[in-house]
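In case you want the letters, here they are:
There are 2 protein chains.
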Amino acid sequence: MTNGAFQDYYPDAFAHCFGCGRLNKDGLQIKSYWDGEESVCHYTPKPFYTGGFPGYVYGGFIASLMDCHGAATVSAAKLRADGYSLDDRPISRFVSGSIKVDYLKPTPMGPVLEIRGRFKEIKGRKVTVSVTLSAEGEIRAKGEVLLVQIPESK
Amino acid sequence: MTNGAFQDYYPDAFAHCFGCGRLNKDGLQIKSYWDGEESVCHYTPKPFYTGGFPGYVYGGFIASLMDCHGAATVSAAKLRADGYSLDDRPISRFVSGSIKVDYLKPTPMGPVLEIRGRFKEIKGRKVTVSVTLSAEGEIRAKGEVLLVQIPESK
Chain A
21 MTNGAFQDYY PDAFAHCFGC GRLNKDGLQI KSYWDGEESV CHYTPKPFYT
71 GGFPGYVYGG FIASLMDCHG AATVSAAKLR ADGYSLDDRP ISRFVSGSIK
121 VDYLKPTPMG PVLEIRGRFK EIKGRKVTVS VTLSAEGEIR AKGEVLLVQI
171 PESK
Chain B
21 MTNGAFQDYY PDAFAHCFGC GRLNKDGLQI KSYWDGEESV CHYTPKPFYT
71 GGFPGYVYGG FIASLMDCHG AATVSAAKLR ADGYSLDDRP ISRFVSGSIK
121 VDYLKPTPMG PVLEIRGRFK EIKGRKVTVS VTLSAEGEIR AKGEVLLVQI
171 PESK
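Respectively, the protein sequence lines represent chains A and B. Per this note's numbering, residue 21 is the first one in the first sequence, and the count goes up by one each step. Per this note's numbering, residue 21 is the first one in the second sequence, and the count goes up by one each step.
Calculated from the structure, these hints are not laboratory results. Note that the coordinates shown come from a computational prediction; the quantities given were computed from them, not determined experimentally. Among the clues, some could well be false.
The list cannot tell twin chains apart, which means a pair is met if one copy fits it or any two copies do.
The list that follows gives simulated cross-link-like pairs (lysine to any residue, SDA-like), each with its CA atoms no further than 25 Å apart [what the hints assert, rightly or not]:
| id | residue 1 | residue 2 |
| --- | --- | --- |
| 1 | Lys125 | Pro171 |
| 2 | Lys120 | Ile159 |
| 3 | Lys45 | Glu164 |
| 4 | Lys125 | Asp107 |
| 5 | Lys140 | Leu99 |
| 6 | Lys125 | Leu43 |
| 7 | Lys51 | Pro67 |
| 8 | Lys66 | Leu106 |
| 9 | Lys120 | Lys146 |
| 10 | Lys162 | Arg109 |
| 11 | Lys45 | Leu106 |
| 12 | Lys45 | Arg138 |
| 13 | Lys120 | Asp107 |
| 14 | Lys66 | Glu134 |
| 15 | Lys143 | Ser105 |
| 16 | Lys146 | Ser105 |
| 17 | Lys120 | Asp102 |
| 18 | Lys66 | Ser105 |
| 19 | Lys143 | Leu124 |
| 20 | Lys45 | Glu58 |
Generate coordinates for the entire structure from the input sequences, incorporating the hints supplied.
Written out as structure tokens, the structure reads:
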């Protein structure tokens, strides 16, 4: 077993995403980990990722965090479902198929955000994960991300 | 009538959004306009907004463009529905209620992206807009954004 982040195991060729690629020096470089059956990511946005009025995170940023954390979660979940750990073999990569986000209440800018993912179902190459985003102990948004496995990735 | 972008009419207090606020010097500063019954926005992302493998735009960025263009569209549509033009009175502001994006095919990095919005329905303070994102003449993603009018904005 490893304590490394899921994104640290992406093959170099797939590690350029603005949201989650470790090789994107201009990007967010979010990091996702297992926490029991759930995956978790902590991230504190820079203040300029504000919404229309300062003090709150803008909706697109929340969707981006959910999209990237969701993609990382299904990659790691697929590996785990196949009976492997992150150190055993290359991680599969997925692309976004669809995303749905419900913004439940404003997300304050400043506190660390906690994004949690839970594997929901798999249908062929399509995998769905449920995601929540919390700040100060309250869920601010919930979402569902459908990812599609890239055929050439194992 | 005016040829100004919708976002140029946001009250200063609501013009800080990373995606669409004209006062956010670090932001995208997207601009949306009427094109008949539809709204349109053209935007060319910087190359670092790539997906996992270079050459394609990442999903969260597409969701962000749709979210912000959708919010601008409903603001302008509300004004138009009330019988006013952008120069007549302050534009109402909305916050994201929910967003759903279907990624239909990869969005290439490089070509200008065209985001189109179409007002769909209004239910009290909740307004829904349909959005498409195209590159090189092909629709790459389609979405639906539900916005909620901020009570204190008229």
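Cross-check of the supplied hints:
1. Taking the closest pair of Cα atoms, lysine 125 and proline 171 come within 25 Å of each other only across two copies (14 Å); inside a single copy the shortest separation is 38 Å, beyond that limit.
2. Taking the shortest Cα distances, lysine 120 and isoleucine 159 sit within 25 Å of each other both inside one copy (16 Å) and across copies (19 Å).
3. Taking CA atoms no more than 25 Å apart as the test, lysine 45 paired with glutamate 164 passes in neither setting, with 28 Å inside one copy and 32 Å between copies.
4. For the identical chains of this complex, lysine 125 and aspartate 107 are neighbours neither inside a copy (39 Å) nor across copies (32 Å), given an alpha-carbon limit of 25 Å.
5. Taking identical chains as interchangeable, the C-alpha atoms of lysine 140 and leucine 99 lie at most 25 Å apart only when both belong to the same chain, with a minimum of 15 Å there against 42 Å between chains.
6. For a Cα distance limit of 25 Å, the shortest separation of lysine 125 from leucine 43 across copies, 24 Å, qualifies, whereas the shortest one inside one copy, 33 Å, does not.
7. When the C-alpha separation of lysine 51 and proline 67 is checked against a cutoff of 25 Å, the pair qualifies both within a copy, at 19 Å, and between copies, at 22 Å.
8. In this assembly of identical chains, the alpha carbons of lysine 66 and leucine 106 never lie at most 25 Å apart, being 30 Å within a copy and 32 Å across copies at closest.
9. Within a single copy, lysine 120 and lysine 146 get their C-alpha atoms as close as 15 Å, and across copies as close as 17 Å, so both meet the 25 Å cut-off.
10. For the identical chains of this complex, lysine 162 and arginine 109 are neighbours neither inside a copy (31 Å) nor across copies (35 Å), given an alpha-carbon limit of 25 Å.
11. Taking the closest pair of Cα atoms, lysine 45 and leucine 106 come within 25 Å of each other only inside a single copy of the chain (23 Å); across copies the shortest separation is 40 Å, beyond that limit.
12. Taking the closest pair of Cα atoms, lysine 45 and arginine 138 never come within 25 Å of each other, the shortest separation being 28 Å inside a single copy and 36 Å across copies.
13. For the identical chains of this complex, lysine 120 and aspartate 107 are neighbours neither inside a copy (32 Å) nor across copies (35 Å), given an alpha-carbon limit of 25 Å.
14. Taking the shortest alpha-carbon separations for lysine 66 and glutamate 134, only the intra-copy value of 15 Å comes in at or below 25 Å, while the best inter-copy value is 28 Å.
15. For the homomeric pair lysine 143 and serine 105, the shortest alpha-carbon distance inside one copy (22 Å) is at most 25 Å, but the shortest distance between copies (49 Å) is not.
16. Proximity of lysine 146 to serine 105 under the C-alpha cut-off of 25 Å is restricted to the intra-copy arrangement: shortest distance 21 Å within a copy versus 45 Å between copies.
17. With identical chains, the CA atoms of lysine 120 and aspartate 102 are never at most 25 Å apart, being 27 Å at best within one copy and 30 Å at best between copies.
18. In this assembly of identical chains, the alpha carbons of lysine 66 and serine 105 never lie at most 25 Å apart, being 33 Å within a copy and 35 Å across copies at closest.
19. For a Cα distance limit of 25 Å, the shortest separation of lysine 143 from leucine 124 across copies, 18 Å, qualifies, whereas the shortest one inside one copy, 29 Å, does not.
20. In the homo-oligomer, the alpha carbons of lysine 45 and glutamate 58 never lie at most 25 Å apart, since the shortest distance is 28 Å inside one protomer and 37 Å across protomers.
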